[in-house]
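Asker: Sequence:
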Amino acid sequence: MAQAREFDLVVMGATGFTGRLVAEHLLARHGTDGDLRWALAGRNQARLEEVRAGLGENAAGLPLITADSHDRASLDSLVQKTRVVCTTVGPYALHGSELVAACCEHGTDYCDLSGEVPWMRNMIDRYAEAAEKSGARIVHCCGFDSIPSDLGVWFLQNAAREKFGKPLERVRLRVKAAKGGLSGGTFASMLNIVEESRRDAETARVLKNPFALCPPDARKGPRQPYVSGPKFDAAIGSWMAPFIMAAINTRVVHRANALQDYAYGKGFRYDEAVLTGKGIGGRAKATMVSLGMGAFALGSAMGPTRALLKKMVLPKPGEGPSPEQREAGFFNIAVEGRTAEGQSLQARVKGDRDPGYGSTSKMIGEAALCLACDIGDEIAGGFWTPATALDGKLMERLEAHAGVTFRLDS
-13 MAQAREFDLV
-3 VMGATGFTGR
7 LVAEHLLARH
17 GTDGDLRWAL
27 AGRNQARLEE
37 VRAGLGENAA
47 GLPLITADSH
57 DRASLDSLVQ
67 KTRVVCTTVG
77 PYALHGSELV
87 AACCEHGTDY
97 CDLSGEVPWM
107 RNMIDRYAEA
117 AEKSGARIVH
127 CCGFDSIPSD
137 LGVWFLQNAA
147 REKFGKPLER
157 VRLRVKAAKG
167 GLSGGTFASM
177 LNIVEESRRD
187 AETARVLKNP
197 FALCPPDARK
207 GPRQPYVSGP
217 KFDAAIGSWM
227 APFIMAAINT
237 RVVHRANALQ
247 DYAYGKGFRY
257 DEAVLTGKGI
267 GGRAKATMVS
277 LGMGAFALGS
287 AMGPTRALLK
297 KMVLPKPGEG
307 PSPEQREAGF
317 FNIAVEGRTA
327 EGQSLQARVK
337 GDRDPGYGST
347 SKMIGEAALC
357 LACDIGDEIA
367 GGFWTPATAL
377 DGKLMERLEA
387 HAGVTFRLDS
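Numbering follows my numbering, in which position 161 of the sequence shown is assigned residue number 147; successive positions increment by one, without gaps.
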């Protein structure tokens, strides 16, 4: 990939709520006159100027680039100016394809917040060869979906190989506690996926395959566990319910396994769930969560209720939780695994901000910085997961600058 470019990093979608948070994070970390050459991009110059002004006097010299997600010429111009594009413009199936294509053609590294499995599968199938040829490293899922899962499993498996000399055949991720909702962009993407799956049988088929994001020759594997309703987890001693992000995260983790030449094993089994507690109370909560997810899925599948959900659930452009709400949020995730012989190991992944905005904006910001500053030619062009492209380098950045920690339980 060409190194002599005007910028190291450009934030695309800077006029959106999450994009502004990413810009705030980068400004606090690097300013505008340091070693990092970065810029903001969006389709409206006036709104970009408003965002820059809102960032304060320290951002006065921050360059602005006008580019439209549906104007390929403007995207070609954008990606040829920078080494890395960090985009928060979703749903990506509606607004992201041309930017991925441009990055793959021109050898520009890319990271996003997509959790849209059918779209990512489409991008992999269409542009993997171009990315490999140009040297572009494409890294999807750089927010709450799916960095805690992908890096959490990667971290635990590395520890298992060091301790036991072998990988963990069975791994469970359990959300023990969290405060703060998912982002409006996540809900918008989910609703769009439901619409697509109702129109297209292939999309529906892809959604059901836990290996959907694996390379073409690795899209089959052992039967996977799946938490579809209230269930008691005897290994942990708690009731659990489905985790709304599991359908995304599990696919990313299986892709990571395949890209690492099955470092977790060809018989690797993995699932995710939300813990709801012990006893009658835990069972009741698990039932309520399961019913709520079922109602959301049913409502999303029906035109009138889907329109109502869009109106009631999705925030208006530029809206999101207050700084106080973001700072009051957190997440606490346990990742537990066992070898084929029954040896066990557990890790904890924690975040000190709300998952949907506060933590996510810092995670993708650090992923973009990792691509720009830490990753050399050892990572070839292609479509990667956060763990397989950025590995321990990103983990160190998250611990130092994003309030996300990875620890082994003693």
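Just to be clear, a hint being listed does not mean it is correct.
Said to hold, decoys possible - Computed beta-carbon distance windows for the label pairs: (1) G278 x A(-10): 20 to 26 Å; (2) A293 x G253: 43 to 49 Å; (3) A46 x Y248: 48 to 54 Å; (4) T52 x K252: 45 to 51 Å.
To be verified - Below, a list of computed lysine-lysine pairs in the DSS-like style, where the Cα atoms sit at most 30 Å apart: (5) K297 x K194; (6) K149 x K165; (7) K194 x K149; (8) K119 x K165; (9) K297 x K152; (10) K149 x K297; (11) K379 x K252; (12) K67 x K162; (13) K336 x K379; (14) K152 x K252.
Hints listed in this document are in silico derivations from the structure and should not be mistaken for laboratory results. The beta carbon of each residue, even a glycine, is placed where N, CA and C say it ideally should be.
Asker: Of the numbered hints stated previously, which ones are contradicted by the structure, given in increasing order?
Answerer: 1, 6, 7, 8, 9, 10 and 12
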